[in-house]
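So the protein lines, in turn, are chains Y and P.
Under my numbering, residues 1176 to 1422 are what the first sequence spells out, in order.
Under my numbering, residues 46 to 424 are what the second sequence spells out, in order.
Treat the hints as calculated values from the structure; they're not laboratory data.
One thing to keep in mind: the hints can contain errors.
Stated by the list, open to error - Using 27 Å as the maximum straight-line C-alpha spacing, the simulated BS3-like pairs for lysine-lysine come out as follows:
hint, chain 1, residue 1, chain 2, residue 2
1, P, K314, Y, K1402
2, P, K311, Y, K1193
3, Y, K1356, Y, K1177
4, P, K88, Y, K1356
5, P, K415, P, K246
6, Y, K1397, P, K311
7, P, K424, P, K282
8, P, K311, Y, K1191
9, Y, K1401, P, K311
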Amino acid sequence: MKILVLIGNVPDTTTKIKFNADKTMFDATGVQWIINPWDELALTRAMELKETAGSGIETITVANVGHQETEATLRKALAIGADKAIRVDADAKDAFYVASQLALVSQGYDLIFAGVEASDYNGAAVGGMLAELLGIQSVSSVSGLQIDGGLVKITREIEGGSQALSVAAPVMAIVQKGIAKEPRIPAMRGIMMARSKPLEVVQPSETEIRMSFEAFDLPPAKAACKKFTEEQAKELIHALREEAKVL
Amino acid sequence: MNFEFSEEQLMIQQAARDYAQRELIKDVIERDNHAIFPTQHVKALAELGFMGMMVSPDYDGGGMDAISYVLAVEELSKVDASASVIVSVNNSLVCYGLEKYGNEAQKQKYLRPLASGNKIGAFLLSEPEAGSDATSQRTTAEDKGDYYLVNGTKNWITNANSASTYILIAQTNPSKKHKGITALIVEKDSPGITLGPHEDKMGMRSSDTHSVMFNDVKVPKVNRIGEEGFGFTFAMKVLEGGRIGIASQAVGLASGALERATAYAKERKAFGTVIANHQAIAFKLADMAVKVENARNLCLKAAWLKDQGKPYGIASAMAKVYAADIAMEVTTEAVQIHGGYGYVKEYHVERLMREAKLTQIYEGTSEVQKIIISRDLIK
Ligand SMILES: Cc1cc2nc3c(=O)[nH]c(=O)nc-3n(C[C@H](O)[C@H](O)[C@H](O)COP(=O)(O)OP(=O)(O)OC[C@H]3O[C@@H](n4cnc5c(N)ncnc54)[C@H](O)[C@@H]3O)c2cc1C
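One chain only, chain P, in its complex shape (with noise of 0.2 Å):
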């Protein structure tokens, strides 16, 4: 056992921290008022290799593990995760999806300018009427010979707007049901796709969300992932990934927020005192940092695991519920510490909350992490 990151792992946390403290913070504020796309650190993010970092240099990438991944994602998330979504989304769902099952033709083609950052992916699964049960596809895929005609909407898009490559999931074979669903790359700007408004969400409101609408579009056959059918075991296996990259956004956030409670209960007095020395104050933080490291350790856990090879999918769930779970507890008591000054925009706080709840919800909510893990159990 080594609970000693390495040389490179430390650096690349720095990397990212040193980017999110001095650049991602300027506008963060702003851009969630706004809900303004971060296109310019997008650009800067993948100059820095965030994009694709856990690809293969082969294809462009960073070339480097998923415990370095953890480690980046945390420190991006602590002062926007908007931007570590996007970061997320691109790396564990599109470039692994692509890198881990695609054919050659399709990784030279799509995963390079993926994985180098100079293109973005989304990844298209949910739809308006199949969200968590992912296996009621409705967007179908019908066989053409040479080409595909799909026809469907996709909802919650992130990237879906800032994408040019889609990763998406359709139904080739209904009365197969999930096993005739089928994984294809579409080139966003095929002709019959239109995209519905920008979403007005409760957070990550610079990222962004919106349905998706595919009216009779040509998707070559060469764009299929894998075999017709393998659809849906293909993304019940990248959201293994996924989850990874969702929980350190998790970590992130609440991680950030205890490091702004700590120093603001250092700060603020009350009572002739600071008020870190009021117990009440600094059993909370005590409690906070419990969450925190274990959550940050589940994630490394899983992690660790992708790294070595072996299955990580339970480890992965275990990461993202709990780790989403404490986000909200502990983005939720650090506007608490704020007191009054942690309801307003100023203090950075609020928004973390906002932000903590949506890694309840999105890829797998709560309650699916929940199913996943105990059905192996009693399995």
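Just chain Y, same shape as in the assembly (with noise of 0.2 Å):
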């Protein structure tokens, strides 16, 4: 069994989101990037299945579509232990222009893990493009995944409980926080290792682009605390009903 992980570059979730001057553009300058919080616990999961015996896992690739200033996140990626790396050398400009390139280097595979969205522009769109442009199965909100006898056994979050599956291969498995406990911290001796292993770059495709950014805007600023006394519990209830309308 062969499992593609799809890798976002995104900014460090503690970056201070700052917008060019026209607002059209997210401005990266001193951003340090990581590797997409949900993909990297998809990487530890796939990890783990690797890792179990009698898994019949034999590879684990990692794939993204960025310039090379994301190299980093993908060796990163081959640090944590993912076998071979894969990048379209191409700016991630949108959801379907991201899916229909990761589509030319996605065939093959019998597992693809995609996060349910990125933490920079929360599209939640790439992983459910790209099993449709593949033709396959996917399956969102996937919070727990095994595979047993060739199956890949899912647990997925639905309101009010969760949902068990069980899907031929090859499928799509886009995937929620609970995939893994916690991102695997990379081993020394993986660093090392990440040196040679192979980082393959892949030319885009033509590709229509089909969405342009129009504005960004940060939320608003957030307002003072307001303080009620004992005394006060009219002026309180005046105040969620009639200013915070939660009542």
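Dock chain one against chain two, each of which comes alone in its own frame, and use the hints as you go.
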């Protein structure tokens, strides 16, 4: 069995978000890039599966769409334990574009992991689109995944409970945070081995850009807290009803 | 001149940060309170490769450079300096000493398990009557043909109980004074070795410090590192690198305190605004940041020299004395910025302050570093 894990390259979660002057582009100066947290958990799960005796998993490949500077993220994935990395050399413009580029390099895998979304633009679209382009089954909101006799056993979170599924490969698993407990920290040995693991660069296909960003806005600054004394219960209820509109 | 870290150096820094901020932080106060050795953490750090990170992969080490080591030790020390001194002693005193000066058989037998972290090492130089003046060694190793008979007491030994391999400095020829000092590899479970009680320390409380008594302990001659009489030079050479580890630890204590103080100053309100808006506090933070930056650069410079194969003894003495002194200043200011909250354990900075004090004392006091630096100036 071969696994592919899609690896998004996103700003560190503690980054102070800024945009350019006309608010159409994220300002990436000084930003530290990391593996999209969901993808990192997916990779961790893939590693756990591979290490389970009798899982029959031969290789774990990681792939992304991005320019050369995103290779640091791929190499981290290799240091964590992926066997091979593929980078489609293009700007990750929009979900359809990214999915179309990934389709070039996603053939022939039994199990593909995608994160439910990327922590930067929260598009939540690539996994589903790629499955469609590849013509394979996709399952969303995956919070647990096992391999059992060639079948992929999936637990999904659904409204008010969970659902257990059994899917025949090939399948795209679009994962949530529960898929693995904590992302793995690469060990020195892994970092060293990553030096000699293959990182293949693939040229992008001609794909039409169907989306452009018009404007980004930051959320309004948090309003100051309002304090009420014990005697002001009435005022509190009034504020909750009329101002916060939560009652 | 290039101030950029490599991708691998950054990856190692991040790995150390992740481990410290995710794992070490969980029970650090508890371990400090009850002086509990971080057994599980040492095991995990070994699996990640931090226990022998600069040793060649040929001997099961991580094969990383000294710059990566500085970055890793800083990150671990921001959270838990007790854990980082275990890492530092094992890497820069024990593993380095064995890799650089041990013979092939010694490396195969002793370095391998130490570099992989399956075993821990300790470095036994100080004695009750020989601290700064390491030349006046009273522990003796008497030549008995194919073994040495060791008698004496070593003091303040980090990892004394958890270690299985000791690097012992002892006198083999008292008439030759420090030129008669020899370095030996001693297995901790050798008959005749007993430990004093766990020292009840002010800081670094979860690293295990004991005195070690040798009573007619037989050490095979094949366990001698280098020639007889090489021991003092050996110890001084090894400590040159050790200072980089302790200096980085001091940087971590200071930068950890700075991070906490900055976050606190942006949250804590007094007189209608966050205290970071009071210039007296903001300027404290600025002064602290300059000191941390300076100290880190001194460490990196010493590490860079080491990586380049150039002399680094003076650079590492400068790094250690400066980093240790500013660690004390910066952690003290961090407590001040926290006000009363800084004086209780929950906010961590009081522990960092207690721990910073030790960096001015061990592996050569601040005064001793100044002796090294000034002697070089006026020689
Ligand atoms: C927690 C802890 C862990 C330690 N771990 C280890 C270890 O693993 N292995 C090991 O071998 N040792 C270890 N040490 C010992 C440490 O290195 C010594 O304590 C240190 O070198 C100082 O020696 P001393 O305590 O005998 O002080 P002394 O040498 O007695 O110094 C007392 C004071 O006099 C000053 N002084 C001494 N000589 C001079 C001089 N010529 N000029 C100016 N000032 C001078 C010193 O700077 C100091 O301020 C550890 C110590 C501690 C506290």
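Hint-by-hint comparison with the structure:
For a cut-off of 27 Å, the pair hint linking K314(P) to K1402(Y) stands: about 15 Å separates their Cα positions. For the suggested pair K311(P) and K1193(Y), the alpha carbons sit about 20 Å apart, so the restraint of at most 27 Å is met. Of the pairs offered as hints, the one joining K1356(Y) and K1177(Y) holds, with about 23 Å between alpha carbons and a cut-off of 27 Å not exceeded. Between the alpha carbons of K88(P) and K1356(Y) the distance comes to roughly 20 Å, so the proposed pair stays at or under 27 Å and holds.
Distance check on the hinted pair: K415(P) and K246(P) sit about 26 Å apart at the alpha-carbon level, within 27 Å; holds. At roughly 15 Å between alpha-carbon atoms, K1397(Y) and K311(P) fall within 27 Å of each other, so this suggested pair holds. Simply put, K424(P) and K282(P) have alpha-carbon atoms about 19 Å apart, close enough for the 27 Å limit, and the pair holds. With a CA separation close to 15 Å, the supplied pair K311(P) and K1191(Y) stays within the 27 Å bound.
For the given pair, K1401(Y) sits about 20 Å from K311(P) by alpha-carbon distance, which is consistent with the 27 Å threshold.
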